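> Sequence:
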Amino acid sequence: MAKVSAIERNLKRQELVAKYAAKRALLKDIARNKDLPVEERFAAQLKLADLPRNSAPSRVRNRCQVTGRPRGYYRKMKMSRIALRELGSQGLVPGLVKSSW
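In this text, residue positions in the sequence shown follow our numbering: the first is 166, and each later residue adds one.
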């Protein structure tokens, strides 16, 4: 069995989140609606629990697209501070000007 990288695992999680987003939102609305009977709300919670764990948005981690590093992540560039600095020094990041580092 081949080891799956953290980047690939995170991409699979993002796909699952997108796939189940509408269904998850509908079930959450039903579970939170106090006007509905308790049995119906409880059934919605059970269906919500049956969804794949990795389809929850909180399971997705912001990771560097270059190295997979989870810390020091810049959302705008989608990479870590270390990868940003290396690629910026080489002039490979458009719009990034090396000031002094």
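There may be inaccurate statements among the hints.
[Said to hold, decoys possible] Below are the DMTMM-like pairs computed for lysine to aspartate or glutamate, each with C-alpha atoms no more than 25 Å apart in a straight line:
| id | residue 1 | residue 2 |
| --- | --- | --- |
| 1 | K263 | E251 |
| 2 | K199 | E173 |
| 3 | K241 | E173 |
| 4 | K188 | E204 |
| 5 | K193 | E173 |
| 6 | K212 | E251 |
| 7 | K184 | E173 |
| 8 | K193 | E180 |
| 9 | K184 | D200 |
| 10 | K241 | E180 |
| 11 | K199 | E180 |
| 12 | K188 | E173 |
| 13 | K177 | E204 |
[To be verified] DEER-style ranges, computed between Cβ atoms:
| id | residue 1 | residue 2 | range |
| --- | --- | --- | --- |
| 14 | K199 | S254 | 48 to 58 Å |
| 15 | K168 | G256 | 25 to 35 Å |
| 16 | K168 | I247 | 30 to 40 Å |
| 17 | R174 | L261 | 55 to 65 Å |
| 18 | N219 | N198 | 45 to 55 Å |
| 19 | A214 | Q179 | 19 to 29 Å |
| 20 | E205 | V225 | 48 to 58 Å |
| 21 | G260 | Q179 | 40 to 50 Å |
| 22 | R246 | E205 | 41 to 51 Å |
| 23 | R236 | L216 | 23 to 33 Å |
| 24 | N227 | G256 | 20 to 30 Å |
| 25 | Q210 | L257 | 42 to 52 Å |
Hints are computed from structural coordinates only; laboratory data are not their basis. In this text the structure is predicted, and so the values were computed from the model without any measurement. Even for Gly, the Cβ is constructed at its ideal location relative to N, Cα and C.
> Evaluate each hint against the coordinates.
Now the hints, each set against the structure:
1. As the CA atoms of K263 and E251 are separated by approximately 11 Å, the hinted pair is consistent with the 25 Å bound.
2. Only pairs whose Cα atoms come within 25 Å are accepted, and K199 paired with E173 is rejected, the gap being roughly 40 Å.
3. Distance restraint check for K241 and E173: the Cα-Cα separation of roughly 20 Å lies within the 25 Å cut-off, and the hinted pair is therefore satisfied.
4. Distance restraint check for K188 and E204: the Cα-Cα separation of roughly 19 Å lies within the 25 Å cut-off, and the hinted pair is therefore satisfied.
5. Distance restraint check for K193 and E173: the Cα-Cα separation of roughly 28 Å exceeds the 25 Å cut-off, and the hinted pair is therefore not satisfied.
6. Distance restraint check for K212 and E251: the Cα-Cα separation of roughly 46 Å exceeds the 25 Å cut-off, and the hinted pair is therefore not satisfied.
7. For the hint pairing K184 with E173, the CA-to-CA distance comes to about 17 Å; that is within 25 Å, so the pair holds.
8. With a C-alpha separation of about 20 Å, the suggested pair K193 and E180 falls inside the 25 Å cut-off, and the hint holds.
9. With a C-alpha separation of about 28 Å, the suggested pair K184 and D200 falls outside the 25 Å cut-off, and the hint is violated.
10. Between K241 and E180 the alpha-carbon distance is near 20 Å, which keeps this suggested pair within the 25 Å criterion.
11. Pair hint K199 plus E180 does not hold up; C-alpha atoms about 31 Å apart against a cutoff of 25 Å.
12. In summary, the hint linking K188 to E173 is supported, as the alpha carbons are separated by about 24 Å, within the 25 Å threshold.
13. Our distance criterion of 25 Å between C-alpha atoms is broken by K177 and E204, whose separation comes to about 33 Å.
14. Evaluation of the 48 to 58 Å hint for K199 and S254 yields a pass: the beta carbon distance comes to about 57 Å.
15. The hinted range of 25 to 35 Å is satisfied by K168 and G256, whose Cβ atoms lie roughly 33 Å apart.
16. Distance hint for K168 and I247: a CB-CB separation of about 22 Å, inconsistent with the stated range 30 to 40 Å.
17. In this structure the supplied range 55 to 65 Å is violated for R174 paired with L261, their Cβ-Cβ distance being about 29 Å.
18. Taken as a hint, the range 45 to 55 Å is violated for the pair N219 and N198, whose Cβ atoms sit roughly 26 Å apart.
19. The given range of 19 to 29 Å is respected by A214 and Q179, whose C-beta atoms sit roughly 21 Å from each other.
20. Distance hint check for E205 and V225: the Cβ-Cβ separation is about 30 Å, which falls outside the suggested range of 48 to 58 Å.
21. Hint check: G260 to Q179, Cβ distance near 25 Å, so the stated range 40 to 50 Å is violated.
22. Separated by about 48 Å at the C-beta atoms, R246 and E205 satisfy the suggested range of 41 to 51 Å.
23. Between R236 and L216 the beta carbon distance is about 29 Å. The supplied range of 23 to 33 Å therefore holds.
24. Take N227 and G256: their Cβ atoms lie about 25 Å apart, and the range 20 to 30 Å holds.
25. One distance hint, 42 to 52 Å for the beta-carbon pair Q210 and L257, holds here, with the actual separation near 48 Å.
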